[in-house]
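**Student:** With the sequences and hints as input, model every part of the structure.
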Amino acid sequence: MANLTPTPKAKTSEAISSAAGPITFRNRTLALFAIPSFAVVLLSNLSRLGGSLIQWFLIGCIAYAVTIAVLLVFRATILPATERAPKPWLTIIAFLVAGSIRGLAVWLVGLNWGIIPESDLLFRVSSGFLLVMGGMSTLAIYEASRIKQDDQLSALNMQRTRLDELRGGIRERIRISQQELLAKVRAILEPIVAQLRSDLQSSDSQSAVNTIQNAVDQLIRPLSREMGSSGSDFEQTVVADARAVSASKLKSTWPKRVQASSMMVPALSVFATLTTAPGPLSLYVASSAFFAFVMVMLLVTITFEFFRAVTTRLWLPVWLALLVALVPALLVPLMCKALLDGLGWITPAASWLQFGLVLSLTVGLSFLMQVVRTQRASHELQLKAVIRDLSLLNSQLRQEVWFNRRRTAAVLHGPVQAALYSSAMRIKPNSTLQPEMVSLIESDIATALAKLDGSNLVEPFQEVLQQIKDVWEGIAEVSIERVSPEVQQVLDTNPTAASCALEIIREAVSNAIKHGDASRIHIAVEQSSSAFIDVKVSNDGRALVAGSPKGYGSEILDEVALAWSINYGANRVVLTALVAIQK
Amino acid sequence: MIDRHVVVVEDESRLRDLIAKSLEAAGFTVSTAANAADAKRACAAVDPDAVVVDIELGSGPNGFDFADALSRTSPDIGIVFLTNLPDARWAGRETKSLPNNIAYLRKSQLVDANDLVEALEAVLHESILPEQRHDLDGNRPLAKLSRKQISVLQQLALGYSNAQIAEKRGTTIRAVEGIVSRIFQALGIDVQAEGNARVEAAGRYLQASGKAISED
Numbered sequence: 062m063a064n065l066t067p068t069p070k071a072k073t074s075e076a077i078s079s080a081a082g083p084i085t086f087r088n089r090t091l092a093l094f095a096i097p098s099f100a101v102v103l104l105s106n107l108s109r110l111g112g113s114l115i116q117w118f119l120i121g122c123i124a125y126a127v128t129i130a131v132l133l134v135f136r137a138t139i140l141p142a143t144e145r146a147p148k149p150w151l152t153i154i155a156f157l158v159a160g161s162i163r164g165l166a167v168w169l170v171g172l173n174w175g176i177i178p179e180s181d182l183l184f185r186v187s188s189g190f191l192l193v194m195g196g197m198s199t200l201a202i203y204e205a206s207r208i209k210q211d212d213q214l215s216a217l218n219m220q221r222t223r224l225d226e227l228r229g230g231i232r233e234r235i236r237i238s239q240q241e242l243l244a245k246v247r248a249i250l251e252p253i254v255a256q257l258r259s260d261l262q263s264s265d266s267q268s269a270v271n272t273i274q275n276a277v278d279q280l281i282r283p284l285s286r287e288m289g290s291s292g293s294d295f296e297q298t299v300v301a302d303a304r305a306v307s308a309s310k311l312k313s314t315w316p317k318r319v320q321a322s323s324m325m326v327p328a329l330s331v332f333a334t335l336t337t338a339p340g341p342l343s344l345y346v347a348s349s350a351f352f353a354f355v356m357v358m359l360l361v362t363i364t365f366e367f368f369r370a371v372t373t374r375l376w377l378p379v380w381l382a383l384l385v386a387l388v389p390a391l392l393v394p395l396m397c398k399a400l401l402d403g404l405g406w407i408t409p410a411a412s413w414l415q416f417g418l419v420l421s422l423t424v425g426l427s428f429l430m431q432v433v434r435t436q437r438a439s440h441e442l443q444l445k446a447v448i449r450d451l452s453l454l455n456s457q458l459r460q461e462v463w464f465n466r467r468r469t470a471a472v473l474h475g476p477v478q479a480a481l482y483s484s485a486m487r488i489k490p491n492s493t494l495q496p497e498m499v500s501l502i503e504s505d506i507a508t509a510l511a512k513l514d515g516s517n518l519v520e521p522f523q524e525v526l527q528q529i530k531d532v533w534e535g536i537a538e539v540s541i542e543r544v545s546p547e548v549q550q551v552l553d554t555n556p557t558a559a560s561c562a563l564e565i566i567r568e569a570v571s572n573a574i575k576h577g578d579a580s581r582i583h584i585a586v587e588q589s590s591s592a593f594i595d596v597k598v599s600n601d602g603r604a605l606v607a608g609s610p611k612g613y614g615s616e617i618l619d620e621v622a623l624a625w626s627i628n629y630g631a632n633r634v635v636l637t638a639l640v641a642i643q644k
Numbered sequence: 071m072i073d074r075h076v077v078v079v080e081d082e083s084r085l086r087d088l089i090a091k092s093l094e095a096a097g098f099t100v101s102t103a104a105n106a107a108d109a110k111r112a113c114a115a116v117d118p119d120a121v122v123v124d125i126e127l128g129s130g131p132n133g134f135d136f137a138d139a140l141s142r143t144s145p146d147i148g149i150v151f152l153t154n155l156p157d158a159r160w161a162g163r164e165t166k167s168l169p170n171n172i173a174y175l176r177k178s179q180l181v182d183a184n185d186l187v188e189a190l191e192a193v194l195h196e197s198i199l200p201e202q203r204h205d206l207d208g209n210r211p212l213a214k215l216s217r218k219q220i221s222v223l224q225q226l227a228l229g230y231s232n233a234q235i236a237e238k239r240g241t242t243i244r245a246v247e248g249i250v251s252r253i254f255q256a257l258g259i260d261v262q263a264e265g266n267a268r269v270e271a272a273g274r275y276l277q278a279s280g281k282a283i284s285e286d
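Residue numbers (the working numbering), protein chains in the order written: chain V, 62 to 644; chain E, 71 to 286.
Hints were generated in silico from the structure; no laboratory data involved. Quick caveat: nothing in here was measured; it's all calculated off a predicted structure. Any given hint might turn out to be false.
Covered by chain E, per the in silico footprint, the following chain V stretches (three or more residues, Cβ under 8 Å) [unchecked claim]: (1) 407 to 418; (2) 533 to 547; (3) 560 to 567.
Virtual Cβ for every residue (Gly too), placed ideally from N, Cα, C.
**Tutor:** In structure tokens form, the structure reads like this:
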């Protein structure tokens, strides 16, 4: 059942804080309360007290209107529906006041119409309170669960959109941006070369030297503006646009199968019993009401818990799970009536029908709540997966931006600057310029410019690893674990990841020797996932002082690694970094 | 003249050849290397009197790594850094962490090859002049900024917001705002003027570093 999502267990503390929170007083919850409010009035009274359906419907309207009016007064004064902390005691007071006034109103109207006896007052007032508390609390718990699910879905939507966008557009934008950057650099260099040619032809060596010295500034300034103004801004714009377009892409779907036992919440059924049973029991078996109530409570608890226990291994389609969950709600009233009748406490069947209906409604609502919780759990899992992918892609993008800049920089400030500087050094000793010098310098610059087309500037991975080892030979013994052919293949086809891994290794080795006085360093490059390669650099040097400020090394690690950590073991310091692989 | 051996470490072949020729013309025996590992081998082979080393040497160990390794095994070899970087802070190093007996020349300031020869002579005779330490020149780009400010400026040039910089540095946004404000002040950037002060600051950084960001 690996593809099935378990339903999280309902927590009592979470339920209490939902019932006592602002959600209880929101319009939607108040509107939903109409269902139990009308159901109880219509089903419990007609058969017992007579009167017409219209009369009881009108009493139901009055009961609902009075309850809502009182709750609205509380909402407008001390229990706002806006964001606030749960207030359990004040909420209970609100239920008590609303329920009591509701009961009083029902009793007064019913008495006036001659369909409710005078002796019903206490029953009406107490059951009104219990109904409002039970109904409103249950609905608030359900609503809280639904709202959390909506939030979760919205978060998942947003992250998925971001992920899709990162997978597609942004990488392409970076590539295009890089091409545009290179085109601009080329456009900047061309007039410099033309000026240089003109200077050389006029045999003005000092002017030529000045042109060359100015070239770097003229080349770098526009480039720096380009780099300073791009980057994160355009990423944000693209993501925001994509988010707006596909905001409604993801919809909540019902789970295919659910664990039958998880869809039952016995506590809610017990709560429903607690709020509906005392009234009728006190009416019909007044002298033994307490014992009868204890019997009913025990029977409800045992039956629901028993059904939950025996259905633990059942993963059923939603509709079938609902039927299974309703079985104890239908069985309990029959069992209660049989038990009480057996004990000589005769109660009318209509009351148990009403009780069965209340239990069924509660079971249905709990079931819905658990479906929503299952959906939420499923979305949470999806969200985690999306966020994991997102962080991987973010890392890849950071690498790509870093690598592109480094590559452009390597060309601009390597071959191009070298050509310019060496030209200046060639010209300087000559007071007059020789014609052949013109073509020589032009050739140098043209060759350097050709490299802007993106020649492969990445040195072979193993060669650079060997360079790192050789440089520190005699100072520290650097050993390199054999890189497997599979990892080598990944590195060969992924120059960005290879370059990032080398930067991490170079920095780690250099820091271990410089700051930790390491004498033995071991480098290992492995692949534990198809998404990233693992770089591990361990050494026998000193541990760095905890809390030391973040330095260049950690900044570079933040930039190019998906995640990294330093662990201090027995005489070993181990840097572990994950480098994302471009797909 | 006593034969003196110099190893030139420069990854750009044109410049490397030109420097080598200039030094040979000045009477030095020259070996060349394109990266730090080759330079280490060359030093082991010829036991030079001095090295002329670029800081940026491609994907592998950089010039500072090489100089660190060299000064541990052969502390008597003179070192002349010949680089695009205004000073060591641009590669994440403190200037004071560099060995004392070094010359530091910026490529953009070095048009006459004689300046390099003079710097080499100075390190060989341990008589380095202030003008042979471009990294200590008060007029060098962004000389007024501290290493921390340069680090923040680098992140600003990368396009990070103050909040992102704060997260990366493990500090508060307010602290970063203070640093950025002091950077603008030190660079004389008018935050009220037309244009984006952050872009202007990023431009100054890249212009001064003579290289793109995130490169060591």
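**Student:** Give a verdict on every hint.
**Tutor:** Each hint tested on the structure:
1. Only residues whose C-beta sits within less than 8 Å of a C-beta in chain E count toward coverage, and the segment 407 to 418 of chain V has 0 of them, not enough to reach three; the restraint is violated.
2. Here's how the segment 533 to 547 of chain V fares: 4 of its residues keep a CB closer than 8 Å to some CB of chain E, so the rule of at least three is met and the hint holds.
3. Beta-carbon proximity to chain E at under 8 Å applies to 4 residues in the segment 560 to 567 of chain V; the threshold of 3 is reached and the given coverage holds.
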